[in-house]
Amino acid sequence: MFDLLPHIINGLTLGLLFALIALGFTLIVGVMEVINLAHGSLFALGAYFALATIGADWFAETPFGAWWLGLPLTARYVLALAVGPVLAGVAGMLLELCLRPTYGKPALYGLLLTFGAALVVEEIIRLVWGTGEQNLPVPQSINGAVLLGGMIFSKYKLFAAAFSALAILVVWLFLERTPYGAIIKAGAHDSEMVRALGYDLSRLRLLVFGFGAALAGLAGVIMVPIWGLRPHVGIDVVIPAFLIIVIGGVGSFWGAVIAALMVGLAVGITGAYASAWATMSMYILLIAVVGFRSRGLLGRKSALET
Amino acid sequence: MITLSDIPARGGSPLTPAMGLFAALVVTAPFWLQPVGLYQYLGIEVAIWILFAMGFNLLFGYAGLHSFGHGAYLGVGAYAFGLFQKQVEVSLWGGLGAAVLAATAAGAVVGLFLSHRRGIYYALMTIAFGQVFWFSAIKLRWITGGEDGLLGIPRPDLVLGGWRVDLDDNRAFYFFVATILMAAVVLMWLLVNGPFGRVLQAIRQNEMRARFIGYDVWRYKWAAFTLSAAFAGLAGGLFAMAQQSAYPDVMALHQSGLIVMMVLVGGGLVSFWGPVLGVLLYFVARDVLGGLTEAWLLWYGLMFMVMVVLRPEGLAGLIHILSRPRAADPAAARAKEV
Numbered sequence: 001m002f003d004l005l006p007h008i009i010n011g012l013t014l015g016l017l018f019a020l021i022a023l024g025f026t027l028i029v030g031v032m033e034v035i036n037l038a039h040g041s042l043f044a045l046g047a048y049f050a051l052a053t054i055g056a057d058w059f060a061e062t063p064f065g066a067w068w069l070g071l072p073l074t075a076r077y078v079l080a081l082a083v084g085p086v087l088a089g090v091a092g093m094l095l096e097l098c099l100r101p102t103y104g105k106p107a108l109y110g111l112l113l114t115f116g117a118a119l120v121v122e123e124i125i126r127l128v129w130g131t132g133e134q135n136l137p138v139p140q141s142i143n144g145a146v147l148l149g150g151m152i153f154s155k156y157k158l159f160a161a162a163f164s165a166l167a168i169l170v171v172w173l174f175l176e177r178t179p180y181g182a183i184i185k186a187g188a189h190d191s192e193m194v195r196a197l198g199y200d201l202s203r204l205r206l207l208v209f210g211f212g213a214a215l216a217g218l219a220g221v222i223m224v225p226i227w228g229l230r231p232h233v234g235i236d237v238v239i240p241a242f243l244i245i246v247i248g249g250v251g252s253f254w255g256a257v258i259a260a261l262m263v264g265l266a267v268g269i270t271g272a273y274a275s276a277w278a279t280m281s282m283y284i285l286l287i288a289v290v291g292f293r294s295r296g297l298l299g300r301k302s303a304l305e306t
Numbered sequence: 001m002i003t004l005s006d007i008p009a010r011g012g013s014p015l016t017p018a019m020g021l022f023a024a025l026v027v028t029a030p031f032w033l034q035p036v037g038l039y040q041y042l043g044i045e046v047a048i049w050i051l052f053a054m055g056f057n058l059l060f061g062y063a064g065l066h067s068f069g070h071g072a073y074l075g076v077g078a079y080a081f082g083l084f085q086k087q088v089e090v091s092l093w094g095g096l097g098a099a100v101l102a103a104t105a106a107g108a109v110v111g112l113f114l115s116h117r118r119g120i121y122y123a124l125m126t127i128a129f130g131q132v133f134w135f136s137a138i139k140l141r142w143i144t145g146g147e148d149g150l151l152g153i154p155r156p157d158l159v160l161g162g163w164r165v166d167l168d169d170n171r172a173f174y175f176f177v178a179t180i181l182m183a184a185v186v187l188m189w190l191l192v193n194g195p196f197g198r199v200l201q202a203i204r205q206n207e208m209r210a211r212f213i214g215y216d217v218w219r220y221k222w223a224a225f226t227l228s229a230a231f232a233g234l235a236g237g238l239f240a241m242a243q244q245s246a247y248p249d250v251m252a253l254h255q256s257g258l259i260v261m262m263v264l265v266g267g268g269l270v271s272f273w274g275p276v277l278g279v280l281l282y283f284v285a286r287d288v289l290g291g292l293t294e295a296w297l298l299w300y301g302l303m304f305m306v307m308v309v310l311r312p313e314g315l316a317g318l319i320h321i322l323s324r325p326r327a328a329d330p331a332a333a334r335a336k337e338v
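Chains as they are written, first to last, in this note's numbering: chain P, 1 to 306; chain X, 1 to 338.
Heads up, a few of these hints could be off.
Claimed, not checked - Non-contacting residues of chain X with respect to chain P, defined by C-beta distances greater than 12 angstroms in every case (computed):
| # | residue |
| --- | --- |
| 1 | 28 |
| 2 | 168 |
| 3 | 179 |
| 4 | 280 |
What the hints assert, rightly or not - Quick list of simulated restraints, FRET-style, between CB atoms:
| # | chain 1 | residue 1 | chain 2 | residue 2 | range |
| --- | --- | --- | --- | --- | --- |
| 5 | X | 288 | P | 180 | 45 to 51 angstroms |
| 6 | P | 174 | X | 306 | 56 to 62 angstroms |
| 7 | P | 202 | X | 152 | 55 to 61 angstroms |
Calculated from the structure, these hints are not laboratory results.
As the structure is a computational prediction, the values presented were derived from the model and not from experiment.
We put the CB at the ideal spot given by N, CA and C, even for glycine.
Please model the entire structure based on the sequences and the hints provided.
Dropping the structure here:
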């Protein structure tokens, strides 16, 4: 049992990170009923914008760059943590504007449009940042390993898990405790009624999409030091995200969080004993869960089924 | 604007002007491909993708079931062909038979899980299964050769009675692929314009109503999926022959998305021939735009996005609208469309 404990902790850590990725996704699905296949691309954009904020080596040769790269990494990192999500959020809003003509049509059109967008974003990333693998540097203070209860943990992974847990909590509080959250939840339930009550539905959609995209970008900045950054990271990321929302039930907040923790545990434990099959365990979990409950763990009936 | 349930059902003989034109283009391709500055291999590639796309459209356009993991069955066909050549014997018909059988079996099993799903859940499950196949192809290294795939798959000779043709010659191989393509297209035409195709279209328009009329919707959805997987497998077998290799890339989400893009851009939702246009447009874009800019996929992707928003009925729908006689009174024309 004691042998298993580190793997369980690793799995839960991974699950929290997955939950952060899936959160924006499930919010967008819930309110807009759009399966945003470009979610992974927004994740990648967030990370690349953060990379740009921290600054590349060539930048040092310019006068401003020398000053900028002279700043402590921690300061630049904290700024990157803000810039990445904000710009990803702006990109998400642009995507929402493109999506407008598809509202009221079958959900397939949103799926197709965002697939096209994913392709376009990936190509843009290739053009701007090149095809090679890059990494996002992290400050010394959260780098390295730490000994806890006789076990060694990566400091950064612990930081990422704590950060994700905090972000999930903040999003939950926002949805549950603020008036705006109430409107979003009402919009997910019955968007026509929200419009009838006098709220500007298109502004609500724009903001929700931007918020979801910003969460994707935030997940990107947090995850990439662990996973590495390459142009097609978006595709690698969007797959676990939507496996999670399907397992958890499309549009359900806690469903997504629980499913993410389950997937994280499955991957963590499989990874320890049969590492080659770690990714496969996600699919097996999906097929097992959906085989019994076709709407996922906490899913409700939704317009996406028709 | 034409609606998305506008695929005309004709019935009867496949001897139509469109079929004749298609046959003429396919047969004469090797004679004008090089003079217009294209290369012989392109014809083979395009023919294989047309076969794949039209088989996919049975599911996507006719039954309205949106599979986003169809590259998997192309890949299964390709691997089955390669493994048959390498492990069993070097035989053309054996290999193609194995490709079709393996893909049919894979499609039949996956279809069991899928067929009681609808809408987006259907699409999500096809993505998940597609990823399972892709992932297995990478991880089952001792069978599939992992990320490198199967290399050096022999291209067996075509033997018919005492007649033997060496298919290593690309022109001879093109005619072989073209013959199979024509046979498959005629078969698909008969299928979609017969009772089976009518039921599929009824399911697309309203699944519930089709069920209440008394059709076993589940079985039809399952059959449509299995059938389109079988055509994908055939295309995959030919693909392995053409490339003389099979690799996991063809099963990736990107590739499965590309086939959806081709079929939609071509107008598979409203036309039997739509997928042909889509495949042609894709390869023209790849070779013409690809010659001009490295980032041709960026432009193709943007074009696709515009198409989804403005003209989801694709090129075929556009041609349909342009070729219709202009009515003097737009209101009367609109009334006729309804």
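Going down the list of hints, with the structure as the test:
1. 28: 34 angstroms, holds
2. 168: Holds: least Cβ distance 34 angstroms, greater than 12 angstroms.
3. 179: 34 angstroms, holds
4. 280: 19 angstroms, holds
5. X:288 to P:180: 45 to 51 angstroms: Given range 45 to 51 angstroms: holds, Cβ gap about 49 angstroms.
6. P:174 to X:306: 56 to 62 angstroms: Check failed, 35 angstroms falls outside 56 to 62 angstroms.
7. P:202 to X:152: 55 to 61 angstroms: Taking Cβ atoms as reference, residue 202 of chain P and residue 152 of chain X lie about 57 angstroms apart, which means the hint holds.
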